[in-house]
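K.L.:
Chains as they are written, first to last, in the numbering used here: chain A, 1 to 135; chain B, 1 to 135; chain C, 1 to 135; chain D, 1 to 135.
Keep in mind that the hints were calculated from the coordinates and are not lab data. Some hints here could point you the wrong way.
Since the list gives no way to pick out one identical chain from another, each pair is judged satisfied if it fits inside one copy or across any two copies.
To be verified - When the alpha-carbon atoms are kept at most 20 Å apart in a straight line, the in silico SDA-like pairs for lysine to any residue are as follows: (1) K102 to V76; (2) K102 to P133; (3) K36 to Q16; (4) K102 to S131.
Chain residues, written in single-letter form:
Number of protein chains: 4
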Amino acid sequence: MDAAALTDFIRAEFGQVAPDFAVEAVAPQTLTLRLKVDERHLRPGGTVSGPAIFALADVAMYLAILSRIGPVALAVTTNCSIDFMRKPAAGRDLLAEARILKLGRSLAVGDVLVFSEGGSDPVARAGLTYSIPPR
Amino acid sequence: MDAAALTDFIRAEFGQVAPDFAVEAVAPQTLTLRLKVDERHLRPGGTVSGPAIFALADVAMYLAILSRIGPVALAVTTNCSIDFMRKPAAGRDLLAEARILKLGRSLAVGDVLVFSEGGSDPVARAGLTYSIPPR
Amino acid sequence: MDAAALTDFIRAEFGQVAPDFAVEAVAPQTLTLRLKVDERHLRPGGTVSGPAIFALADVAMYLAILSRIGPVALAVTTNCSIDFMRKPAAGRDLLAEARILKLGRSLAVGDVLVFSEGGSDPVARAGLTYSIPPR
Amino acid sequence: MDAAALTDFIRAEFGQVAPDFAVEAVAPQTLTLRLKVDERHLRPGGTVSGPAIFALADVAMYLAILSRIGPVALAVTTNCSIDFMRKPAAGRDLLAEARILKLGRSLAVGDVLVFSEGGSDPVARAGLTYSIPPR
Chain A
1 MDAAALTDFI RAEFGQVAPD FAVEAVAPQT LTLRLKVDER HLRPGGTVSG
51 PAIFALADVA MYLAILSRIG PVALAVTTNC SIDFMRKPAA GRDLLAEARI
101 LKLGRSLAVG DVLVFSEGGS DPVARAGLTY SIPPR
Chain B
1 MDAAALTDFI RAEFGQVAPD FAVEAVAPQT LTLRLKVDER HLRPGGTVSG
51 PAIFALADVA MYLAILSRIG PVALAVTTNC SIDFMRKPAA GRDLLAEARI
101 LKLGRSLAVG DVLVFSEGGS DPVARAGLTY SIPPR
Chain C
1 MDAAALTDFI RAEFGQVAPD FAVEAVAPQT LTLRLKVDER HLRPGGTVSG
51 PAIFALADVA MYLAILSRIG PVALAVTTNC SIDFMRKPAA GRDLLAEARI
101 LKLGRSLAVG DVLVFSEGGS DPVARAGLTY SIPPR
Chain D
1 MDAAALTDFI RAEFGQVAPD FAVEAVAPQT LTLRLKVDER HLRPGGTVSG
51 PAIFALADVA MYLAILSRIG PVALAVTTNC SIDFMRKPAA GRDLLAEARI
101 LKLGRSLAVG DVLVFSEGGS DPVARAGLTY SIPPR
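Next up, chain A with everything else stripped away, as it sits in the complex:
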């Protein structure tokens, strides 16, 4: 699935959160996803909340997997280990760079770096495992 197909898929299946995200780039092992940061993602002080960063990493890896295996809505996250390293820059979108490290029959594993747009030091990193239902 390419960026347009992934965008259609999240609109159809995850209508509620779809407007938060934009697929920026898709390649065989990687995917870049934007979080269009909005009032509802912020914590006091204007920083993006942990759950919003978690959601960005989680959706980025999910879409990276779908870009490879097609629209399998039932793939589910089984584990995520996330490190929050820096406060996101205020008033900037976040970009997640997801990388697939293993795409097995039943498990997919990857990692994600999250940056404030224009920044070079990562805000967060995550390792994620997805369970893929039998096809």
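We have chain A; now place chains B, C and D onto it with these hints.
P.N.:
Okay, now just chains B, C and D, sitting in the frame of chain A:
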């Protein structure tokens, strides 16, 4: 801080998400937090989303730490490793049981089990580390 | 499998490391494993090394799973998230208390607390996932 | 510290395990470490054990940090989340590529990919956090 003081604190500091949560019980090493599951927490199929479960675990540990050290708004999550083990039961609130394992000068570590209300098998487990600013 | 059967199993299958460990207690959801701390487990300063603590947690969860499903040598660790919280007490064995949280058809998830013998504050905690081969 | 200085340091401080490892390359944000795979690192079937892979990732990140801050023997691992993705190739050394993502005053965070020598698919990945004592 007891349950009432913690509730006041999250209302004052996290007004946006405060209505989602209710402190059910506070003890020296543990805290139980309810996620009042609502339409906006759900994924297609009626199951609670991963980010909503993450947020519940994160806030439960945060409040468990505050119950011990007082209202330190600047304590921040540095790491969370979460396992999603079972689909939450439809139409039920979630309860998180947070347990403090270490409360050091600069780092606090604990874990959380998340259950569907009335269920005995955990939906998720998480280990979390918080950085506590110098006091 | 009970404590004696598990001990026989690790002697047969993991002869090299078997003398390091002793199964202390087995119950339906839990297992306690002792690391007989020896010179080769120590780092400078006399503290038990991180890899030795990791190995203890890993073997404890593995045996907890085997106690439920029988001698499946090919169950493999797919993820471990471990927090090292305190320096182990010098000159004491370590005890790992493993707890099974999910025992599915293909994945088992649990957590482990590690204590210095006689201590009440945990030295480490770990969450582990095992992949169980089809039977 | 360059590769030679790091090698001297681990020989002096970690004499017991030093012969297992060789520093292959050091750059400002990265370090490559070899595990000279030996009989004692193997599990039945000839595969490298999980604790040996954990130790490799842990030492690689430790040395990457020391290469930047100098010989601080008391830096300690506080968290490691490791995914074991593939069986290491038999009869080959393992190479760990550690990358520093944050080097703060009191915490350092990085990740590690582990490969069988000559292989392009990672055997394991880990995210690690180190606590750095006040200087």
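K.L.:
So, for every hint listed, does it hold in this structure?
P.N.:
The hints, checked one at a time:
For the identical chains of this complex, K102 and V76 are neighbours both inside a copy (15 Å) and across copies (16 Å), given an alpha-carbon limit of 20 Å. Taking the shortest Cα distances, K102 and P133 sit within 20 Å of each other both inside one copy (15 Å) and across copies (18 Å). Taking the closest pair of Cα atoms, K36 and Q16 come within 20 Å of each other both inside a single copy (14 Å) and across two copies (18 Å). Taking the closest pair of Cα atoms, K102 and S131 come within 20 Å of each other both inside a single copy (12 Å) and across two copies (15 Å).
The structure agrees with every numbered hint stated previously.
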